[in-house]
Amino acid sequence: MRTKATAIGAALAALAVLCAMFATSASAAPAWKFEGKSLEGTEVVMGGAIESSMTIPGLTTKCEDFLYKLTVENSAGTGKGSLTEVPLYNCTTNSKACTVGTIGAEKLPWPTHLTTVSTTPYIIIEGVKVAIYYEGEECVLGETLVTVTGSAGGSIDNAAETATFNSSTLSASKTELKALSQKIEWNGLFPTEAFQWHREQALSVS
Amino acid sequence: MAQRTGAISFLASFAKAASVRVFLALAVGVIAVSGCGGGSFSSTDTGGEVASRAGAGPAGGSKTPGTSASPATGLTGGSPGETAAKPASRASNSKATQNGSAAKSGPHITPPKGPTEEAPTPEQVAHATVADMTLESPAIIASGGSPARLAATYTCDGQDSWPALHWAGVPTGTAELALFAMNVQPVEERLFVDWAVAGLNPGLGEIKAGELPKGAIVGTNGFGKAGYSICPSGAGEIYMFALYALPQSLLPSKGFDARELRKEILGVSGNVGLLPAVYERG
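So the sequence lines, in the order shown, correspond to chains L and A. Mapping to numbering that gives the first Met the number 0: the first sequence position 26 is 25, numbers consecutive. Mapping to numbering that gives the first Met the number 0: the second sequence position 74 is 73, numbers consecutive.
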């Protein structure tokens, strides 16, 4: 009997700790908002990078246009999402010898969630996988298929309605993208824009 | 939930997958965050173009879906509520929404030019040299966000001899391994090879600094030397060490032309482990 009571007590204590943890994490996690109101249901957010490049040491691959389509929702008060499409356009490298034969996002959808890093809202993209096939007989990566994998955290600027990804935001959000067994750089500034129920409404996260 | 549409059916699969325990935990989270909203940015009008909202439901939380169509972005539309609006230019901003509430002030998506890049096809993957092996060196380690650095001792400013290298992930069926060191950026528009060693046993997992195993065949590098030399002409350079796993033996002769062998290697579509390293003088 005493054992049973102890077990129940321990279970309740564990539940209390869990509740406290969830309460803490939930209160810290931002939600998607339109016109300042928390999103109910889902919304499709799209955007295109104003600039975006990825650097494997010595070789930068840049895409003129880097779009995304993200389905977002608030789940238990926390902003979540699913990156369903990432079309890339006009990708080139900084080396005359190397051209981008093909490049594409793989294993979509990529899950996303919102979080807060030092009072700044962040979007975290997980399960990133981009395959790049470089061409060029004189290119060090010629005829080679390189895959970028990992997760990426970008800071959200509510005033500008943009998300910024760079080495600082990846580091601050404890995320990393890797290729060739090494951390790589990814820079991108992505406007956010609702395309479904909240078109033309101010998008923010808090 | 009138606004739950086909476009969000994908999310339903997540909901189905969630266990009761997870649901309960999330419910605790909901209770914890209730009343914690507010404080978000509300934009002001900036006087740009208003993207067409023909067919869209009124702003401010309407649950009525609008006309289904794709924006001219290359992204698929088709979800109710997506309008036939052609997005305005990236630089343009929006005016207030039709119901007078504060509206989007940030930039709009820009319709891209040209076709979408294609992901590598299975055929390309089959013929590519796939960078899926691990190549590492105790002498070339990245620290923080900086790229891995090559110490001067492994260049012409030091002993000009190769560092220890170890690797993993050699596919079964590999007939031979070949090691290369190359400049990442070409010299006079040609690939510059600093070191090439062929004939390595596929069972090997490492080489020691400055030592080569029995059977190794050394090629002639870009300096015209049968051996290793990393010697940038300027203040520094970025190099790529590469270990190729070849499905067939290429049997090069001693002093082979390193560039020519690499062309042959790329033709046999093997696997590669790549290790970039930066060398900066001083």
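It is possible that some hints are incorrect.
Think about it this way: if two alpha-carbon atoms lie no more than 20 Å apart in a straight line, the pair counts; the simulated EDC-like pairs of lysine to aspartate or glutamate are [to be verified]:
1) L/Lys95 - A/Glu205
2) L/Lys95 - L/Glu125
3) A/Lys112 - L/Glu125
4) L/Lys106 - L/Glu134
5) A/Lys112 - L/Glu175
6) A/Lys262 - A/Glu210
7) L/Lys128 - A/Asp256
8) A/Lys224 - A/Glu210
9) L/Lys61 - A/Glu122
10) A/Lys262 - A/Asp159
11) L/Lys95 - A/Glu135
12) L/Lys177 - A/Asp159
13) L/Lys106 - A/Glu187
14) L/Lys173 - L/Glu125
15) A/Lys253 - A/Glu187
16) A/Lys262 - L/Glu136
17) L/Lys106 - A/Asp159
18) L/Lys128 - L/Asp156
19) A/Lys262 - L/Glu63
20) L/Lys128 - A/Glu210
21) L/Lys61 - L/Glu84
22) L/Lys177 - L/Glu137
23) L/Lys177 - A/Glu135
24) L/Lys106 - A/Glu210
25) A/Lys262 - L/Glu125
26) L/Lys128 - A/Asp159
27) A/Lys207 - A/Glu122
28) A/Lys224 - A/Asp159
29) L/Lys95 - L/Glu136
30) L/Lys128 - L/Glu175
31) L/Lys95 - L/Glu134
32) A/Lys112 - L/Glu137
33) L/Lys61 - A/Asp159
34) L/Lys106 - A/Glu188
35) L/Lys128 - A/Glu122
36) A/Lys224 - A/Asp256
37) L/Lys61 - L/Glu72
38) L/Lys79 - L/Glu50
39) L/Lys177 - L/Glu105
In short, the hints are calculated from the structure, not lab data.
Quick rundown of the hints versus the structure:
no., hint, in the structure
1, L/Lys95 - A/Glu205, "violated (33 Å)"
2, L/Lys95 - L/Glu125, "violated (32 Å)"
3, A/Lys112 - L/Glu125, "violated (28 Å)"
4, L/Lys106 - L/Glu134, "violated (23 Å)"
5, A/Lys112 - L/Glu175, "violated (30 Å)"
6, A/Lys262 - A/Glu210, "violated (26 Å)"
7, L/Lys128 - A/Asp256, "violated (36 Å)"
8, A/Lys224 - A/Glu210, "holds (17 Å)"
9, L/Lys61 - A/Glu122, "violated (24 Å)"
10, A/Lys262 - A/Asp159, "violated (25 Å)"
11, L/Lys95 - A/Glu135, "violated (28 Å)"
12, L/Lys177 - A/Asp159, "violated (29 Å)"
13, L/Lys106 - A/Glu187, "violated (39 Å)"
14, L/Lys173 - L/Glu125, "holds (12 Å)"
15, A/Lys253 - A/Glu187, "violated (26 Å)"
16, A/Lys262 - L/Glu136, "holds (7 Å)"
17, L/Lys106 - A/Asp159, "violated (43 Å)"
18, L/Lys128 - L/Asp156, "violated (25 Å)"
19, A/Lys262 - L/Glu63, "violated (30 Å)"
20, L/Lys128 - A/Glu210, "violated (37 Å)"
21, L/Lys61 - L/Glu84, "holds (18 Å)"
22, L/Lys177 - L/Glu137, "violated (24 Å)"
23, L/Lys177 - A/Glu135, "holds (14 Å)"
24, L/Lys106 - A/Glu210, "violated (42 Å)"
25, A/Lys262 - L/Glu125, "violated (37 Å)"
26, L/Lys128 - A/Asp159, "violated (37 Å)"
27, A/Lys207 - A/Glu122, "violated (37 Å)"
28, A/Lys224 - A/Asp159, "holds (12 Å)"
29, L/Lys95 - L/Glu136, "holds (11 Å)"
30, L/Lys128 - L/Glu175, "holds (12 Å)"
31, L/Lys95 - L/Glu134, "holds (11 Å)"
32, A/Lys112 - L/Glu137, "violated (28 Å)"
33, L/Lys61 - A/Asp159, "violated (34 Å)"
34, L/Lys106 - A/Glu188, "violated (36 Å)"
35, L/Lys128 - A/Glu122, "holds (19 Å)"
36, A/Lys224 - A/Asp256, "holds (10 Å)"
37, L/Lys61 - L/Glu72, "violated (30 Å)"
38, L/Lys79 - L/Glu50, "violated (24 Å)"
39, L/Lys177 - L/Glu105, "holds (15 Å)"
In the structure shown, a violation is registered for the earlier hints numbered 1, 2, 3, 4, 5, 6, 7, 9, 10, 11, 12, 13, 15, 17, 18, 19, 20, 22, 24, 25, 26, 27, 32, 33, 34, 37 and 38, in ascending order.
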